[in-house]
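Trainee: So you can see what is in the structure, the chains are spelled out below.
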Amino acid sequence: MTPGRDTGNWARPVDKLSAAGVAGAKVDSVSGKRVSGPLQGFGQLWQKTFRVRLDGSTMTPEEVIATWKERFPTFWPKSATFYAPLAGIAPGEVALLDLSPAPGSPIKLSTGVMVIYADEQSFTFMTPQGHTLSAWITFSAERDGDVTVAQAQALERPSDPFDEMAYLLGGNRMNNAFWKETIANMARHMGAAEPVVETQIVCIDKRRQWRQVRNLRHSIMLRTARHTLTAPVRWLRRS
Amino acid sequence: MSATVIGLDRAGSVATLHIGGDITSSSEGDLMAGYAKATDDGARTVILDFSGMEYMNSGGIGLLVTLLVRAQRGGSRLLATGLSEHYRQILALTRLDEAIEIHDSEAAAMAAAGA
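In order, the protein sequences belong to chains A and B.
With my numbering applied, the first sequence corresponds to residues 12 to 250, in that order.
With my numbering applied, the second sequence corresponds to residues 52 to 166, in that order.
Chain A extracted, bound-state conformation:
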């Protein structure tokens, strides 16, 4: 086996994540957690692909990915915030996120991702324990004839029974809309005048992994709900 051709592209395994390299986030709910991929999640397993042809853009796949890494937070919808690692999107780095659990919600779910892989034509994030999805998502670009095509492909399971319920009750649709908007924003920045985002969504495994029900103990959704409900008590104690 040839060693090393992809060595620098992969993060090193870590027992516990650290978000020490992130600035600006008010809440760090990631440090001390482990990563949690599609095999560790609870709900049904979905593969989602969001693909866009960058018609009108002269950028190569390598230029698209370099720009995407550099400007990643700016392509996100306004409802969410991505706090990029100071070292940029590189293998082993951790980013923090604030997400809305519902459209217009004043409450934010604070979570993050670890960059597990990055090369010149792609990069991949993996979620930590507690995130609503146990997932990884790969952003990539390739040439199709004269046009560069960019895509995001996620492999995801809701992490616990509450996340699964929320996913079925609208979280799935919200998640799809989020990535479609992100990909369209990215495509416009790369020079595509009227980007059309093609979506392919496949349920790969309909079964639920009941052995993962204990993921509930990490749930950011439950922790945020508890924090919100006990806010008046904290306020009274302070006053």
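These are computed hints drawn from the structure, not numbers from a lab.
As the structure is a prediction and not an experimental result, all values here were calculated from the model.
Heads up, some of the hints might be wrong.
[Claimed, not checked] Distance windows between CB atoms, simulated: (1) B:Gly-63 with A:Gly-43: 33 to 39 Å; (2) B:Gly-63 with A:Pro-114: 54 to 60 Å; (3) B:Ala-87 with A:Leu-97: 45 to 51 Å; (4) A:Pro-88 with B:Gly-63: 51 to 57 Å.
[As the list claims (entries may be wrong)] In silico contact screen, one side only, chain B against chain A (beta carbon under 10 Å); selected entries: (5) Val-56; (6) His-69; (7) Asp-73; (8) Tyr-106; (9) Val-116; (10) Thr-117; (11) Ala-143; (12) Arg-146.
Backbone N, C-alpha and C define an ideal beta-carbon position, used for all residues, glycine too.
Fit chain B to the known structure of chain A by using the hints.
Mentor: Showing chain B alone in chain A's frame:
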């Protein structure tokens, strides 16, 4: 990039898929066809022999997840051998090592498979 090469050996109810070249998202057709051939012929245990693998990116890891799910659905057992320290670390990083039994040699994997 090298092409994906899939070879297949059978010993009773155990099949060994010898994986060579590069494993990326483009390898899906070859890998799934090899797995289907192995299980269609009646194998209940499939050993993935990675000793000929030259490169794997995150798309390749995604394929392994899909393969694992397919094996679990079909009631098959998946074992791995021939992994360098680097690829063992990648399976640990992505926590795939919690779902695939990893063995130091094909002989050890065959013994574990009961062949």
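Trainee: Grab the minimum C-beta distance from B:Ala-143 to chain A and call the hint holds if it beats 10 Å, violated otherwise.
Mentor: Interface hint status for B:Ala-143: holds (4 Å vs cutoff 10 Å).
Trainee: Would you settle whether the hint for B:Arg-146 is holds or violated, based on the nearest Cβ-Cβ distance to chain A being less than 10 Å?
Mentor: 5 Å, holds
Trainee: Checking hints one by one. Is B:Val-116 an interface residue toward chain A, by the C-beta closer than 10 Å rule?
Mentor: 5 Å, holds
Trainee: A closest beta-carbon separation below 10 Å is what the hint needs, so does B:His-69 meet it against chain A?
Mentor: 12 Å, violated
Trainee: Taking the least C-beta to C-beta distance, is B:Thr-117 closer than 10 Å to chain A?
Mentor: Check passed: Cβ of B:Thr-117 comes within 6 Å of chain A, closer than 10 Å.
Trainee: Tell me if the interface restraint on B:Val-56 is satisfied: Cβ within less than 10 Å of some Cβ in chain A.
Mentor: 13 Å, violated
Trainee: Using Cβ atoms only, decide whether B:Tyr-106 comes closer than 10 Å to chain A, and label the hint accordingly.
Mentor: Hint holds; B:Tyr-106 Cβ to chain A Cβ min 5 Å, cut 10 Å.
Trainee: Hint says 54 to 60 Å; check whether the CB-CB distance for B:Gly-63 and A:Pro-114 agrees.
Mentor: Given range 54 to 60 Å: holds, Cβ gap about 57 Å.
Trainee: Could you tell me whether the CB distance from A:Pro-88 to B:Gly-63 stays inside 51 to 57 Å?
Mentor: 55 Å, holds
Trainee: Could you tell me whether the CB distance from B:Gly-63 to A:Gly-43 stays inside 33 to 39 Å?
Mentor: 47 Å, violated
Trainee: Measuring from beta carbon to beta carbon, are B:Ala-87 and A:Leu-97 in 45 to 51 Å?
Mentor: At roughly 46 Å between Cβ atoms, A:Leu-97 and B:Ala-87 fall inside 45 to 51 Å, so the hint holds.
Trainee: Quick one, is the B:Asp-73 hint okay against chain A at 10 Å, beta carbons?
Mentor: 9 Å, holds
Comparing the model with each earlier hint shows violations of hints 1, 5 and 6; every other hint is respected.
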